[in-house]
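Chemist: Here the protein sequences line up with chains A and B, keeping their order.
The first sequence begins at 1040 in this note's numbering and counts up by one.
The second sequence begins at 2 in this note's numbering and counts up by one.
Just so you know, these hints were derived from the structure itself, not from any lab.
Treat the hints loosely; a few may be bogus.
Dumping the calculated SDA-like pairs for lysine to any residue here, alpha-carbon to alpha-carbon at most 20 Å [as the list claims (entries may be wrong)]:
{"no.": "1", "chain 1": "A", "residue 1": "Lys1390", "chain 2": "B", "residue 2": "Leu87"}
{"no.": "2", "chain 1": "A", "residue 1": "Lys1386", "chain 2": "B", "residue 2": "Lys222"}
{"no.": "3", "chain 1": "A", "residue 1": "Lys1386", "chain 2": "B", "residue 2": "Ile36"}
{"no.": "4", "chain 1": "A", "residue 1": "Lys1222", "chain 2": "B", "residue 2": "Glu167"}
{"no.": "5", "chain 1": "A", "residue 1": "Lys1211", "chain 2": "A", "residue 2": "Lys1089"}
{"no.": "6", "chain 1": "A", "residue 1": "Lys1386", "chain 2": "B", "residue 2": "Glu265"}
{"no.": "7", "chain 1": "A", "residue 1": "Lys1339", "chain 2": "A", "residue 2": "Thr1354"}
{"no.": "8", "chain 1": "A", "residue 1": "Lys1089", "chain 2": "A", "residue 2": "Gly1101"}
{"no.": "9", "chain 1": "A", "residue 1": "Lys1163", "chain 2": "B", "residue 2": "Ala69"}
{"no.": "10", "chain 1": "A", "residue 1": "Lys1339", "chain 2": "A", "residue 2": "Lys1386"}
{"no.": "11", "chain 1": "A", "residue 1": "Lys1224", "chain 2": "A", "residue 2": "Asp1245"}
{"no.": "12", "chain 1": "A", "residue 1": "Lys1176", "chain 2": "A", "residue 2": "Lys1390"}
{"no.": "13", "chain 1": "A", "residue 1": "Lys1222", "chain 2": "B", "residue 2": "Ala257"}
{"no.": "14", "chain 1": "B", "residue 1": "Lys222", "chain 2": "B", "residue 2": "Leu109"}
{"no.": "15", "chain 1": "A", "residue 1": "Lys1220", "chain 2": "B", "residue 2": "Gln151"}
{"no.": "16", "chain 1": "A", "residue 1": "Lys1390", "chain 2": "A", "residue 2": "Phe1262"}
{"no.": "17", "chain 1": "A", "residue 1": "Lys1390", "chain 2": "B", "residue 2": "Ala83"}
{"no.": "18", "chain 1": "A", "residue 1": "Lys1224", "chain 2": "B", "residue 2": "Gly258"}
{"no.": "19", "chain 1": "A", "residue 1": "Lys1386", "chain 2": "B", "residue 2": "Leu87"}
To give an idea of the interface, some chain A residues facing chain B are shown, with a C-beta separation under 10 Å as derived from the structure [to be verified]:
{"no.": "20", "residue": "Lys1106"}
{"no.": "21", "residue": "Glu1129"}
{"no.": "22", "residue": "Arg1131"}
{"no.": "23", "residue": "Ala1140"}
{"no.": "24", "residue": "Ala1232"}
{"no.": "25", "residue": "Tyr1244"}
{"no.": "26", "residue": "Asp1245"}
{"no.": "27", "residue": "Arg1267"}
{"no.": "28", "residue": "Arg1376"}
All residues carry an ideal CB built from backbone N, CA and C; glycine is no exception.
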Amino acid sequence: MTNTRTTAVRSWSRRLFLAAAGSAAIMSGASFSAIAQEDDWEKVIEAGKKEGSLVLYTAYVGQPSTKAIADAFTAEYGISVEVLEARASEIRERVRVEQAAGRYAVDVMFTSEGQTRLYDLEDKSIDPLPVTPNSGKVRDQFKLEVPMASVMTIPYGMLVNTRLVPENEIPKKWTDLTDPKWKGKILADDPRAIGGGYSWWFSTYDKIGEDFHKKMGEQQLTFTRDQRESQRRVARGEYAIYIPLILTDAPGLEGLPVQAVIPEEGVPYVLYGNVLLKNAPHPNAAKLYIDFLQSPAAQKIYAELGHGPVVDGVTEGLPDNIRALSEAKLLGTSDSRRQNEMLEKAKAIYK
Amino acid sequence: MTIAYNRSSGVDASTQLRGNAFTRAFSGGTLGRNIGMAVLIFILGFLTLYPLSMLLYGSLHSTPPGMAGEFNLAGYRAILTAQNLLVLVNTVGISLAKTIPSLSIAVLLAWIIARTDTPFRGTLEVLITLPFFIPPILTAMAWGMLGNPQVGVINMAWRWLTGAEEPLVNVYSYGGVIWHMCQYSIPFLFLFIVDAFRAMDPSLEESSRMCGASRWSTFRKITLVLMLPVLTSSFMLSFIRGIESFESPLFFGTPAGITVITTEIYESINHRATPDYQYATALSFAILGLMFLLVLWQWSLLRGKSFQTVTGKGFRPNVIELGPWRWVTFGFCVLFFFVTVVLPVGQLLLGSFFRFFGFYTYDMLTLEHYRAVFANSEFWRAMRNTMTLGLLGATATMVLGAIVAYVSVRTKWKGRRLIDVMAWLPWMMPGMVLGVGFLWAFAMLPGPLPIYGTIWALLLAYIALGTPVATRVMTGSYHQLSYDLEECSRVHGATWFQTMWRILVALAWPAFAVGWVLTFFGIMRELSASILLYSVGSEVLSVVLLKLWTNGNAEQVSVIGLMMMLLVILFRWVQLRVIKSRISKL
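Make the full structure from the sequences, and use the hints.
Modeler: Have a look at this one:
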């Protein structure tokens, strides 16, 4: 692990050096900057190790990946990670109140892009992101306006009961679901409330169009609010199809008479990442953690679970079924600035 | 035969009370009494009024505490819609529809267990209360499997037996919501009522029978009326809890398009672009106001009446010999046990030995869920924390509840009504909103008070949440104790502490024990406040269950649910053994 980190720092400084060398006008200044940044980063590492621990709040509840990543980080730096998990609205209110009361307990928060915008603009509880060795490797589409260091995507697809749906009738595209034969046979996470169903509604509305949803509105969807139990209900044969399936759950459903489908148009997704809290009690350890989650080692852990990584080159060598999930074509995601408008539209179509 | 009070209504009860030896001894004079009352008011104020005042601020301010904003009535204006009126009517209707049958069945079961010679009633008493102690999400899942219209076990059996096309039951409906709520309210009410039946002096009923009243008439006019404090208290607790019920409407109501107050509040906090705490808290206060009217109704109902049945005269609760009918009552209890326990818990037990619930084939048999739970260090840490909090919390809550109940029922101190109301308040606020109130209250305390972020925050919240039940249980019990007992004890030279211990604690002990078990398992299940107050290292069981459930490990959640049930059986068995030995000594 230490080797990985050293290589990362070296390659990061080498990249900076090369970039600086390419610009003759500022060559001397840039090379000085690169060396200075490398020195700075070494200082961050040293200070982080002295801090010895960090506190992470995560809204991604119950995921074994949190512990796997935390253990890998501790193995790398010797810094322990204390994790507190709660749902998005609960985490947000805790952080807001802690900041307002001057009780600074948390260093890093793992949350979604939409929540980050609220933390940043409304609560003003997060700091700008630090520039770190791994931050430059993130693919352009995951470099954000908001101060969130992107880490991975949660992709959404469909779940089909293979006892109720013959193989040749399994839908391949989102638009296949508008076929009248599925009327009354689809269980769906409620698109009229923030959650997986809403993410599906938002991105398919934007990318496929309103007509698609008008037709879906006539399919007599049954709405639920419990994603994991809904998967089981489809497996037991209550409904033929469940949308949207968190595709990373698919490996855990093996053995059940269900099939996960990655629609041809692409998968709606939610982007998750880390933010740095204001007045973090362990700011250097926090920077190391934020950097570590964009490192190839951490990105590979997520890719192995079927999440979409935000850097290139970590999906090679994965089993085919997992690689299909982590490399799934991304359709789109929701935009928190349009939430109220889109919730109203959803309520108008899905009455 | 309509008068059921064993103290003459012509006697001025307050004069008697003021003069009774016990009250004088306990008060230690006006100063001691005032100090005692002030301490009680302070404790209850901190536990209940303080978090509620933070919520009130939230309902009247455009932003939650700690953010710049302005005072306005936007929250209250926003709740005044025709849609919300419909939601309110819906909620009240559902709650009434579940409380009335639940109370009737609970009274019948309590009577059968406590007052008849029905066979195996000792065992049945433990078994029929089990559903109350299972996490609601598990029974919801089990009933989803049993009663879904497409492939539910009950409907499959119905179709196979009758050849019918249409399903017999559909749990995703109003009926399903009410049925699932009944699973919790019947055992809860039963636990509340059964000891009141036991503490009944049969001489009153015998007098009624000797005066020519029929058995039914005696039951209706004597037994039930004597139990008015317990029945009205339990009706209110159950009705209010029905208004605030969340899991059942969310699980079974949402797919059927049924909206209730709590799902509306949940949506305003969790499913809007920005959580609308002003709206959520305003709606909760409107509900609290309505619920308070119920408390006033109960006061007016009980005013000036006495319900004492446990007097200085020795008695043994009368066991009615039913003859062959005892097998009918036995059959009723077994049917209830089968439908509410065997069917859902059987699913959970069976499912816990297979890889997936509902897929019971040989190749799916496994012990992996048990292994996973036993190897989960986080689960054991949470179990230790929860047991510690449960033991401390339930004991502290019951002591507080017993004191509040004692002062409000058995003294005429000034301010007793105030503390009675204060002890009611946490019950009238939906749990998910009250959790936010605790978060705001504890986090906003001045710096040197380190409560937020420690295990004390959880303990205090649990005590506050449990106080209403603790107080109601003890109030019902104290209403039944005669003042003669205290006076007699004092006359015979017992000290105040001896009197307190031998009379009030010893005689009210069964109620204390029931309250303790209810509070203990209330703490084990509590999630809304826990998730907002727990800190790293102080994880509790409900948070671990949420994490497992969210990750799709329903089978592991079942394993833990079954372990909780074993714990209940153990607790209840010990408790009933002790009660039995005490009653035999009376």
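Chemist: Grab the minimum C-beta distance from arginine 1376 of chain A to chain B and call the hint holds if it beats 10 Å, violated otherwise.
Modeler: Because about 9 Å separates arginine 1376 of chain A from the closest Cβ in chain B, which is inside the 10 Å limit, the hint holds.
Chemist: Next pair to validate is lysine 1224 of chain A with glycine 258 of chain B; report whether the Cα-Cα distance is within 20 Å.
Modeler: holds, 17 Å
Chemist: What's the verdict on lysine 1211 of chain A and lysine 1089 of chain A, does the C-alpha distance respect the 20 Å limit or exceed it?
Modeler: violated, 53 Å
Chemist: For lysine 1339 of chain A and threonine 1354 of chain A, compute the direct alpha-carbon distance and say whether it is at most 20 Å.
Modeler: holds, 7 Å
Chemist: Has the given pair, lysine 1339 of chain A with lysine 1386 of chain A, been kept, meaning a C-alpha gap of at most 20 Å?
Modeler: Not OK: lysine 1339 of chain A and lysine 1386 of chain A at ~39 Å, beyond 20 Å, violated.
Chemist: Under 10 Å is the threshold here; is the Cβ of arginine 1267 of chain A close enough to any Cβ of chain B for the hint to stand?
Modeler: Nearest chain B Cβ about 4 Å off; hint holds.
Chemist: Given the hint that lysine 1390 of chain A pairs with phenylalanine 1262 of chain A, test it: the Cα-Cα distance must not exceed 20 Å.
Modeler: holds, 11 Å
Chemist: Is the straight-line distance between the alpha-carbon of lysine 1089 of chain A and that of glycine 1101 of chain A 20 Å or less?
Modeler: violated, 30 Å
Chemist: Given a cut of 10 Å on the nearest C-beta pair, is the interface hint for aspartate 1245 of chain A held or broken against chain B?
Modeler: Aspartate 1245 of chain A check fails; min Cβ-Cβ to chain B is 17 Å, beyond 10 Å.
Chemist: Should the interface hint for tyrosine 1244 of chain A be scored as holding, given a Cβ-Cβ cut-off of 10 Å against chain B?
Modeler: With a minimum Cβ separation of about 16 Å from chain B (threshold 10 Å), the hint on tyrosine 1244 of chain A is violated.
Chemist: For lysine 1390 of chain A and alanine 83 of chain B, compute the direct alpha-carbon distance and say whether it is at most 20 Å.
Modeler: With Cα atoms ~17 Å apart, lysine 1390 of chain A and alanine 83 of chain B stay inside 20 Å; holds.
Chemist: Going by Cβ atoms only, is lysine 1106 of chain A closer than 10 Å to chain B?
Modeler: holds, 9 Å
Hints 2, 3, 5, 8, 10, 11, 12, 25, 26, counting from the list given before, are not met by this structure.
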